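Colleague: Protein sequences, first through last, are from chains A and B. 13 is the number that numbering that gives the first Met the number 0 gives to position 14 of the first sequence; each next residue is one higher, with no gaps. 49 is the number that numbering that gives the first Met the number 0 gives to position 50 of the second sequence; each next residue is one higher, with no gaps.
Treat the hints as calculated values from the structure; they're not laboratory data. There's no promise every hint is true.
Said to hold, decoys possible - Facing chain B, according to a computed beta carbon distance under 8 Å, are these residues of chain A, among others:
no.	residue
1	34
2	38
3	318
4	319
5	322
On a predicted model such as this, the values are computed, not experimentally measured, just so you know. No residue lacks a Cβ here, since even glycine has one placed at the ideal position from N, Cα and C.
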Amino acid sequence: MIEILIVFIKIVCALVWFLLLTLYLTWLERKESAVIQDRIGANRASIFGIRILGLFQPFADAIKMIFKEDFVPAFSRKFLHTLAPFISFFFVAITISAIPFGDSIRIGERTISLQILDFNVGLLFILAMLSLGIYGIILSGWASNNRYTLIGGLRGTAQLISYEVALGLSLIGLIMVFPSLKLSAIVHYQGELIFGFLPKWGIFLQPLGFLVFLFAALAETKRAPFDLPEAESEIIGFFAEYGGLKWGLFMMTDFMEIIVVSTLLTTLFFGGWQVPWMAADGFHWPWGGEWLLSHWLVVVFQVAAFNIKVFFFCWLQILIRWTYPRFRYDQLMDMGWKLLIPLSLVNIVGTGIVMSIL
Amino acid sequence: MIKALGYFIEIIRGIVITSRHFFVNMFFHILKVLGIKTKRKGAVTIQYPEQKKEIAARHRSLHRLMAREDGKPRCVACMLCVTVCPSECIYVEAAEDPDLEMQKYPSKFIIDIGRCCFCGFCVEACPEDAIRMDSGEIDFAGYTRDDLVYDLDKLLR
Ligand code: SF4
Ligand code: SF4
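All chains, please: the whole structure from these sequences, using the hints.
Modeller: The structure is reproduced here in structure tokens:
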């Protein structure tokens, strides 16, 4: 009974974290783009005249979207049209269940890992769920029964399928180095040190794999410079026939994908919740000396480290989105099939050679 | 290969430029939050309803009719502005003026601002300098179209 309760609490906490971060990413996206372009950004939303940098803006947006008319075009396939945004949303939201937010906490006799479910195949699970999210795009493009959305949906599908391959292949090298698909195990492996001072993070062992994964994952989020399915300026995109909260779900899916990609980058390549040189009882500096901490402080440090890394990658992705123009479709396909996939193959072979020598 | 390297350098340059803007502007925003006054601002935005930019002297804003010393409009109802107006939004009805100098005056002078395209031809056409567009008013949106029909009372200032 108490086990179920604990899992339930973990689910609620993780979802609240996920959705709040999603909401505030919309705010961050506006603010960051504004600061990059020497503007101020949305700062008018206020509650009783209190503005604090427009921090209430996401809630204003949410309220606006909830009260908009739920419009379904007469020519669309109604059931699938309604189903599509929920499919998109669901398959992204469920990936959070495999992400480790921190090591375990001890309450009395009980150890609770800060992860909803520690799958044996956590990594595969996340990749599979991200791929299933494509169905939302195809369905929305097709069920809207509109040529533009269909083109958007097809482009989205083609893009995601080709980048899925590179995404998977780029991780094989990583799995060879950290021999597990269990995300908590991968994070634990990254707690060790190489040469006695460098944290054994994925980025140091797999720099090429990291680059390929980064590009493929950026393409996976369907945002500029890879926003071909949407392409506001030309084909409008697969969710052109949506309005109100359903459109909002697609938008949230976009931002949630950013977070998922950030958590994956953090977990796989930047040590997850590992703080450099920190073990379960405190810091052990490589130059000697140590700083011992209580259990709860260690947990706080770990969760904070995880969050900071995730925030950084969210920030970086938004920066990239506001820096680069869009690829042409053939360039996109070229980059996927002719650059990223060969590079990830090279990475696998290189990793194999180095590992057999060492 | 060399070409690809060139692209790569440009890609890096792009992100350096945007992140430089981000960090420099963020620095000045933070200084402002801390209450430190700097000459340079983090953003070039003018927060419109609270802060207003000065209107240039030649800016064509809401029309106004000039008055003579006795408060009557200078307009002599010659219909030149009505004729020249490309949007056909001026309506003038002439009436006889007892003053022999003037002979005519507008008993009705209506401008439908909703149709006006602010070309300023009416100002150019007027032989009496009776109509000008220098009131400096630029925010005259209304809730109905009728709010935007300005008659003599509203125009004569
Ligand atoms: S500004 Fe142009 S459009 Fe407007 S009333 Fe004068 S002549 Fe007509
Ligand atoms: S051109 Fe001048 S004088 Fe003639 S009708 Fe128009 S405002 Fe009056």
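Colleague: None of the hints should be skipped; say for each whether it holds.
Modeller: Tested hints:
With its C-beta approaching chain B no nearer than about 5 Å, residue 34 (chain A) sits inside the 8 Å limit, and its interface hint holds. Interface hint at residue 38 (chain A): satisfied, since its Cβ lies 5 Å from the closest Cβ of chain B, which is below the 8 Å cut-off. At a threshold of 8 Å, the smallest CB-CB gap from residue 318 (chain A) to chain B is about 6 Å, leaving the interface hint in force. Taking 8 Å as the C-beta contact cut-off toward chain B, the hint placing residue 319 (chain A) at the interface holds, the least distance being around 7 Å.
A cut of 8 Å between beta carbons decides the hint on residue 322 (chain A): the least distance to chain B is about 4 Å, and the hint holds.
When each numbered hint is compared with the structure, no violation occurs for any of them.
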